[in-house]
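Enquirer: All chains, full assembly: derive it from the sequences and hints.
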Amino acid sequence: MTLTPASVRSAVLEQIERTRHCSKADIERFIEESESRIISLDSQIDPLIELRDSKRARILAPDAQLNALVELRDSQRACVLALRYITSPVCTLPVELLSEIFKLSIEDGTHIQDAHRISQVCAHWRRVAHSTPRLWTRPLTVDLCKGKTVADGLKTWMLRSFPLPISISFMPLRMCEDINPAIVEEVLKVAPRSSSLLFPIMYLTPFSFVMQLAQRRLDSLEEMELGRIDKTDHSPLTFTAPRLRKFSMADPRPWQIIVPWTQLTDLVFHSHSHKDTFGILAQCTNLLRMSMTTVAWHRFPEAEPDNLVLGRLRTLILHFMEESGAITPFFDFISAPCLRILRLCVDQEQPWTPASFTTFQLRAPNITRLEFTRSNSLTSDDVVAVMIHAPSLTHLKISYCAECFDDVFVRTLYYKDGVKPLVPRLHNLFVRQWYHMVNFTETVLAGMIASRWRSDAELASDAAPPAVARWTHVEIDMRAHEWGSKFMEILRDVPPNVLVY
Amino acid sequence: MVLLVTSDNEQFQTEKDIVERSVLIKNMLEDVGESDQPIPLPNVSSSVLKKVTQPSTGPTEIDVRGRYLSTASTTVESPSRPPILEQSQDETRKRTTDISEWDQKFITVDQEMLFEIILAANYLDIKSLLCRRWLQDGSQHDQGARPPEEIRKLFNIVNDFTPEEEAQIKKENEWAEDR
Numbered sequence: 001m002t003l004t005p006a007s008v009r010s011a012v013l014e015q016i017e018r019t020r021h022c023s024k025a026d027i028e029r030f031i032e033e034s035e036s037r038i039i040s041l042d043s044q045i046d047p048l049i050e051l052r053d054s055k056r057a058r059i060l061a062p063d064a065q066l067n068a069l070v071e072l073r074d075s076q077r078a079c080v081l082a083l084r085y086i087t088s089p090v091c092t093l094p095v096e097l098l099s100e101i102f103k104l105s106i107e108d109g110t111h112i113q114d115a116h117r118i119s120q121v122c123a124h125w126r127r128v129a130h131s132t133p134r135l136w137t138r139p140l141t142v143d144l145c146k147g148k149t150v151a152d153g154l155k156t157w158m159l160r161s162f163p164l165p166i167s168i169s170f171m172p173l174r175m176c177e178d179i180n181p182a183i184v185e186e187v188l189k190v191a192p193r194s195s196s197l198l199f200p201i202m203y204l205t206p207f208s209f210v211m212q213l214a215q216r217r218l219d220s221l222e223e224m225e226l227g228r229i230d231k232t233d234h235s236p237l238t239f240t241a242p243r244l245r246k247f248s249m250a251d252p253r254p255w256q257i258i259v260p261w262t263q264l265t266d267l268v269f270h271s272h273s274h275k276d277t278f279g280i281l282a283q284c285t286n287l288l289r290m291s292m293t294t295v296a297w298h299r300f301p302e303a304e305p306d307n308l309v310l311g312r313l314r315t316l317i318l319h320f321m322e323e324s325g326a327i328t329p330f331f332d333f334i335s336a337p338c339l340r341i342l343r344l345c346v347d348q349e350q351p352w353t354p355a356s357f358t359t360f361q362l363r364a365p366n367i368t369r370l371e372f373t374r375s376n377s378l379t380s381d382d383v384v385a386v387m388i389h390a391p392s393l394t395h396l397k398i399s400y401c402a403e404c405f406d407d408v409f410v411r412t413l414y415y416k417d418g419v420k421p422l423v424p425r426l427h428n429l430f431v432r433q434w435y436h437m438v439n440f441t442e443t444v445l446a447g448m449i450a451s452r453w454r455s456d457a458e459l460a461s462d463a464a465p466p467a468v469a470r471w472t473h474v475e476i477d478m479r480a481h482e483w484g485s486k487f488m489e490i491l492r493d494v495p496p497n498v499l500v501y
Numbered sequence: 001m002v003l004l005v006t007s008d009n010e011q012f013q014t015e016k017d018i019v020e021r022s023v024l025i026k027n028m029l030e031d032v033g034e035s036d037q038p039i040p041l042p043n044v045s046s047s048v049l050k051k052v053t054q055p056s057t058g059p060t061e062i063d064v065r066g067r068y069l070s071t072a073s074t075t076v077e078s079p080s081r082p083p084i085l086e087q088s089q090d091e092t093r094k095r096t097t098d099i100s101e102w103d104q105k106f107i108t109v110d111q112e113m114l115f116e117i118i119l120a121a122n123y124l125d126i127k128s129l130l131c132r133r134w135l136q137d138g139s140q141h142d143q144g145a146r147p148p149e150e151i152r153k154l155f156n157i158v159n160d161f162t163p164e165e166e167a168q169i170k171k172e173n174e175w176a177e178d179r
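Quick mapping for you: the protein sequence lines, in order, are chains A and B.
Quick note: the first sequence uses full-length UniProt numbering, first residue 1, plus one each step.
Quick note: the second sequence uses full-length UniProt numbering, first residue 1, plus one each step.
In case anyone wonders, no lab produced these hints; they're calculated from the structure.
Ideal Cβ placement from N, Cα and C applies to all residues, glycine included.
Don't take every hint at face value.
Claimed, not checked - Computed cross-link-like contacts, DSBU-like style, restricted to lysine-lysine with a CA-CA straight-line distance of at most 35 Å:
| hint | chain 1 | residue 1 | chain 2 | residue 2 |
| --- | --- | --- | --- | --- |
| 1 | A | K146 | A | K24 |
| 2 | B | K153 | A | K155 |
| 3 | A | K148 | B | K171 |
| 4 | B | K170 | A | K155 |
| 5 | A | K148 | A | K275 |
| 6 | A | K155 | A | K103 |
| 7 | A | K189 | A | K231 |
| 8 | A | K24 | B | K153 |
| 9 | A | K231 | A | K275 |
| 10 | B | K171 | A | K103 |
| 11 | A | K148 | A | K103 |
| 12 | B | K171 | A | K155 |
| 13 | B | K16 | A | K103 |
| 14 | A | K486 | A | K397 |
| 15 | B | K127 | B | K170 |
| 16 | B | K170 | B | K50 |
| 17 | A | K24 | B | K127 |
| 18 | A | K148 | B | K170 |
| 19 | A | K103 | B | K153 |
| 20 | B | K153 | A | K189 |
| 21 | A | K24 | B | K50 |
| 22 | A | K275 | B | K127 |
| 23 | A | K231 | A | K155 |
| 24 | B | K127 | A | K103 |
| 25 | A | K103 | B | K50 |
| 26 | A | K246 | B | K127 |
| 27 | A | K24 | A | K103 |
| 28 | A | K486 | A | K416 |
| 29 | A | K420 | A | K397 |
| 30 | B | K171 | A | K189 |
| 31 | A | K146 | B | K171 |
Stated by the list, open to error - Some chain B residues judged to face chain A by a derived CB distance under 7 Å, without partners named:
| hint | residue |
| --- | --- |
| 32 | K50 |
| 33 | Q111 |
| 34 | E112 |
| 35 | F115 |
| 36 | N122 |
| 37 | I126 |
| 38 | N159 |
| 39 | T162 |
| 40 | D178 |
Expert: So, in structure tokens, the structure goes:
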């Protein structure tokens, strides 16, 4: 007999039974007794082994006798291990507490290794881990194209999480890859208790899989992301997902996917058509956050849509891509009275119509954060017009907008005593321009920043509250730009934790 | 200050902000309001409560035998108890684990006390003191985790898997690699 996990297990069971009514002192005595026996047995075994290994030996060691002694010694060793285990402090932990500690030991980034590590310590821990579904519910990434062993492993993992909701994301899929039906089957089995199903939005989502998903009740589903669907002529797919709140879709034909639009709070989609977009948005009355990328909105419809009120919308992210003609009238038909955050990306080919945007701003008077990214069709005059109609603005971010950030724009932010300031609540400014700047003077920028800065002492001595907010953060990222000494001199009083350049 | 009474009938005057880390005591205080009445803790002994409520004096560590050390001090072994495991010199090199969750409290305990503290933490509902890090690799401070063999060695746990379970473990490890 050699010590194997199985022999240790039977020793543990035997010793648990033996020590059921024993005190700790009794068990310690048992350990001492066994250890004495091991020493004694070793003293008998060693000479026999020496004899057997000796080339001079004329008489072969009696193998049967040696084996019997070794077996006896190993059973005593197993006994000692078992007794030490039974009396170890870790065994005093109740199962519920052990399970709780296991849960605390799982990290998001390493949850598979963590859960396996814990469940591979001993049979008891394994049983506890397997009866703690929470250990097995962290987001799982699934590759639909892997082989059978992966399907089997996936099945085992998913079973351990039952009956709790699980979150699944999928590896990017390429057109030529074959999907393993066994893996699809395992995912479909758990689809009714999936809290999120996330396909990489810029990659392929297999139509056959989406179709099968749509045939199931997705009762736990709260978030779904679909990439491009690999079939163009399918009829609409309707999802039954009573808890769905977040939906993202890259497919240019979103009208062919029907989800419970009214209950959505977050929507991300690519739009190819004004008409369909307005049709969907008219149903999305509970949206809090929306991100839309327009693709080839060629003509605005002749019949103007009704004005859409997105009454709960807080965050709006819009990317008007190239070749999307006449997009700015979009703003003519949208009201967002609660809007706080607006991020715009307007590609160069897009004509910016300030009047449309101004009318939109009048219906969205509570914007506090504005971001312009890669909006090359906007001029500094356009941005100034936006500022004028954004009295609540606190954060402004301008990234890679070649025409927006120049002396004209900077001067409008300059604060002079006695003059009504533009965007008086602005306290956070971020500018990233990596192009060669034209019509830009460092000292004008420095003067503007300094005009809106007050030291603590100045603030304390001011009799009246300041007319403009003091900067909390200003960051000017102009890549390799060498700032002149005058710029630095003007801004020497602004602390480095506030001003970054 | 709050008056706590332990299972062995000792009384402890403790600062309110310290005892309120226990959800159990915090809830009791909220229910009772301002009062001079002592709070009974029938499941916590005085020796454990002392460890739980000691003021912070620096990072606490656990060595490979499960004994807590102060970073500033040398190893303090429990005088009444022999080492839990006999190990080679190499194995006994010190492995440290911050338990920053307990605001780096100073405690010097053997494994028995460690698990008593864990039981008390559970009773008092102090999640942060459940010391999840005792399952992680102290030598690397969050870089990597203790493998099962090390957990076994540290806590006197035996590998008692059946051949079927071992085969299943092999498979699940292969899946984790291949997936």
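Enquirer: Work down the list of hints and note, for each, if the structure agrees.
Expert: Hints, one by one, checked against the model:
no.	hint	in the structure
1	K146(A) <-> K24(A)	violated, 52 Å
2	K153(B) <-> K155(A)	holds, 32 Å
3	K148(A) <-> K171(B)	holds, 12 Å
4	K170(B) <-> K155(A)	holds, 16 Å
5	K148(A) <-> K275(A)	violated, 45 Å
6	K155(A) <-> K103(A)	holds, 21 Å
7	K189(A) <-> K231(A)	holds, 24 Å
8	K24(A) <-> K153(B)	holds, 21 Å
9	K231(A) <-> K275(A)	holds, 22 Å
10	K171(B) <-> K103(A)	holds, 23 Å
11	K148(A) <-> K103(A)	holds, 30 Å
12	K171(B) <-> K155(A)	holds, 12 Å
13	K16(B) <-> K103(A)	holds, 29 Å
14	K486(A) <-> K397(A)	holds, 25 Å
15	K127(B) <-> K170(B)	holds, 33 Å
16	K170(B) <-> K50(B)	violated, 45 Å
17	K24(A) <-> K127(B)	holds, 30 Å
18	K148(A) <-> K170(B)	holds, 16 Å
19	K103(A) <-> K153(B)	holds, 22 Å
20	K153(B) <-> K189(A)	violated, 40 Å
21	K24(A) <-> K50(B)	holds, 25 Å
22	K275(A) <-> K127(B)	violated, 54 Å
23	K231(A) <-> K155(A)	holds, 29 Å
24	K127(B) <-> K103(A)	holds, 11 Å
25	K103(A) <-> K50(B)	holds, 27 Å
26	K246(A) <-> K127(B)	holds, 32 Å
27	K24(A) <-> K103(A)	holds, 30 Å
28	K486(A) <-> K416(A)	holds, 20 Å
29	K420(A) <-> K397(A)	holds, 22 Å
30	K171(B) <-> K189(A)	holds, 21 Å
31	K146(A) <-> K171(B)	holds, 15 Å
32	K50	violated, 18 Å
33	Q111	holds, 5 Å
34	E112	holds, 5 Å
35	F115	holds, 4 Å
36	N122	holds, 5 Å
37	I126	violated, 12 Å
38	N159	holds, 5 Å
39	T162	holds, 6 Å
40	D178	holds, 6 Å
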